[in-house]
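Chains as they are written, first to last, in this note's numbering: chain A, 8 to 120; chain B, 446 to 684; chain C, 9 to 87; chain D, 5 to 110.
The set of hints was computed from the structure by calculation and includes no laboratory data. We treat Cβ as the ideally placed atom computed from N, Cα and C, and that holds for glycine. Treat each hint with caution, since some may be false.
Unchecked claim - Estimated spans, in silico, between C-beta atoms of each pair: (1) D:92 / B:608: 37 to 47 Å; (2) B:645 / D:38: 25 to 35 Å; (3) D:38 / B:572: 23 to 33 Å; (4) D:74 / B:630: 28 to 38 Å; (5) D:99 / B:553: 17 to 27 Å; (6) B:568 / A:65: 40 to 50 Å; (7) C:10 / D:77: 57 to 67 Å; (8) D:102 / B:606: 38 to 48 Å; (9) C:18 / B:476: 23 to 33 Å; (10) D:32 / A:65: 40 to 50 Å; (11) B:608 / C:32: 21 to 31 Å; (12) B:633 / D:60: 23 to 33 Å; (13) B:606 / A:100: 17 to 27 Å.
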Amino acid sequence: MVYYISFILIGIGIYGILTQKNLFKFLVSLTIIDTAINIFIISLGYIEGKDVPIYSKYTPVANFVDPLPQALVLTAIVIGVGTLALGASLLVRVYEKYETLEVEEIAVKEARK
Amino acid sequence: MRRVFALLISLGLILFFVNSLSILPEYGNVELSKVSNAYINKSVNGNNEKVKFGESKDLEDGAANVVTSIVVDYRSFDTLGEVTVLFTSALGVGLILHGFKRKTYGRLPNFILRVSVGILLPLILLFGVYVFVHGHLTPGGGFPGGTIIAAGILLLYLSNEEFDLSKTSKFVESYAGSLYIVVGLVGLAIGGVFLINFLPTGVVGDLFSAGIVPIVYILIGFKVGAELSGVIADLYREG
Amino acid sequence: MTIATIFVGILMIISAIYAIEAKKMLDSFISLSLLSLLSVFLFVIMKAPDVAITEASVGAGLTTAVLILALRRIGGDEE
Amino acid sequence: MITVGYFLIAFGAFFYFLGGLGILRMPDVYNRLQAGTKATTLGSFSVILGVGLVNLDYLPKALVIIAFIALTNPVGSSVLARASYLKGIKPTDKTKVDEYKGGDEK
């Protein structure tokens, strides 16, 4: 079930990158794809009827879902916000040079030079 | 026309993914792999005993949270690389937006916000520190704790026109990163492997357990918090 | 549990489409943060609280803040 | 105790519903903000306290969360209202008194 949700979200993100003309929308589409792939990786480790992978007084012995995908996604999320900030700062510089963020206007201004 | 082609391309992609579902296991019926079993039983080197909460002691890795023990102990070298990627992106933001002065708007921030930040900010910082100190017992750890601290710094920026992050954040960041490598090198000197868990691991579930895991997670928390606050400070500069 | 999953999934797809198609940039960012918040719910259903707490603090808090700060630096919303 | 907890959860869900209805029905930003904040504050209190009563292990954490919501929710609502006022968004025609005119420049 969750597989289909993440596939459709990836499709929406690709559609956004192909159709939108504003550079900020590119960043938004990339973030949507990022979230969808995180959901997909987590869903590869889910086992029905098993519990959270933490030893506690409620689950004293191991009856856990797969902890390996969670460990991979945990760092990927924080890396995601770092690269997003890098992209946003690049957009600020692009705006200061061309005074617009629409792709076609940037191409026109570049061709006129 | 462009939208139609884009729709066709993304629909084709979704169909391709759905067709390749047959090579994946069914949702909810995944088999635990051998590696995951070894991580859960904390027996990579082969002594097969079941772990019990509050009783087992002196294991390879005493963290009660299995995800933490994977991130910070078994795959710690990987985490070192990821922290380096984060550092590089924060450095890139600082280089691209090379500002010196803090941007001001010339009006006093909201009175209610200013007063309540005095009450809220210590609680937020305390909560962030709690999250990464207890990272080996409860959900959480260095990455979310550092993010919560950065959110507190953002609140301080919103409520105060004069506040500007000084050099302290760069200091904290660089020293936390270096100490992480120093911990790894001490492990190399004592146990012969980079980043080996050389301290006694204690009983599963105690606060003082799990060897170097809490130490490394505290360092990661400081580093991530300083880096993300630095990103916010760079976005506030002008120049 | 499957009904909750389907409901959250439909809401996520709607908010993703709105995030892409919205006219104003600020609406798009708010919708993106809604997407992150709903994915937190999905992570909790799939028994991953570590990932959920990270996504809640990053996706719903810091991502939106970074995007809005960058938008304000280039002079606000333009149509 | 468990019955009281479930009753509190239902009560809070009803107030959440009222908050959503208010956001749909109210005419301008300020009224919507009031509906969206006041009703959901009470709803959150009831739901969290109900969860704490159903499972008594969670009760101390629930009380701490209630204290945090009581601190943060009014501040957020106030900041949003002030920002939209300074941006120049007009209230509806039915609003007669504007006590914030002139603001806190003094």
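inquiry  = Of all the hints numbered above, which does this structure not satisfy? Sort the numbers upward.
reply    = 1, 2, 4, 6, 7, 8, 12
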